[in-house]
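Respectively, the protein sequence lines represent chains A and B. Read in order, the letters of the first sequence are residues -8 to 73 in the numbering used here. Read in order, the letters of the second sequence are residues 23 to 162 in the numbering used here.
Think of the hints as simulated: they come from the structure by calculation, not from any bench. Each residue gets a CB set at the ideal place from its N, CA and C atoms; glycine is no exception. Don't take each hint at face value.
Stated by the list, open to error - Not the full set, but computed from the structure, chain B residues with beta-carbon under 10 Å of chain A:
| id | residue |
| --- | --- |
| 1 | 81 |
| 2 | 150 |
| 3 | 156 |
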Amino acid sequence: MLVLSRRAGESVVIGDDVTISVLEVRGDVVRIGIDAPRSVAVHRAELLAQLEQSNKEAASPSTNAVDSLLEALRSRNGSADS
Amino acid sequence: MIATMHRPTRSVMQEIPVIELVQPMPGFPDLARFALVQVDDAGVLCSLTSLDQPGLRFLVVPPAAFFPDYTPEVEEAVLSELGSESVDDLVVLCVLTAGESLATTTANLAAPVVVDTANHRAVQVVLDDPALSVATPLIA
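Whenever a hint applies, use it, and build me the whole structure from the sequences.
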């Protein structure tokens, strides 16, 4: 891992078209700005980790779970409000 | 009339059996080809069933039936990634995590799967909106 020290207002350039700027440092919070082409996905790491976890939990539900879900949806659609 | 674009309708699920993910779903890096299968008679519950890994599938629903106020904003970049010609071709589906009951079943509103019904390509879009959860109760 490359480790750099930067001050607020300074930037790092990655490749030809990605620039990361340190906008503000206040206490333990660093605000950074990312300038990248739209084709480059930029996400908070914890959100991606959450999504990965959620997908794994969602994958391949048991037949029982699907059956009871189907049954519940059917009775939900069958009654106007319950 | 192969080039004719059709409008997405409720029955569109039956018309697009095989879709290709242009980006893998996070957590499943090697899977690109899925069949979109209708699970219930009403066409509300569907599944994305992997064609690469037998037995793997995700339950998905069109969110409108459960979350009428949910209107995810899809960026221009997603359209170009999918090679979409028109937003009218796009259908949004939410991945369900089936619980013991309907009450504990959750939907992923933070990362809907956007399917282009014209070219059969899809991607799970990560919406960077703190108000949206990957585990929203299906029934409030």
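Broken hints, by number: none
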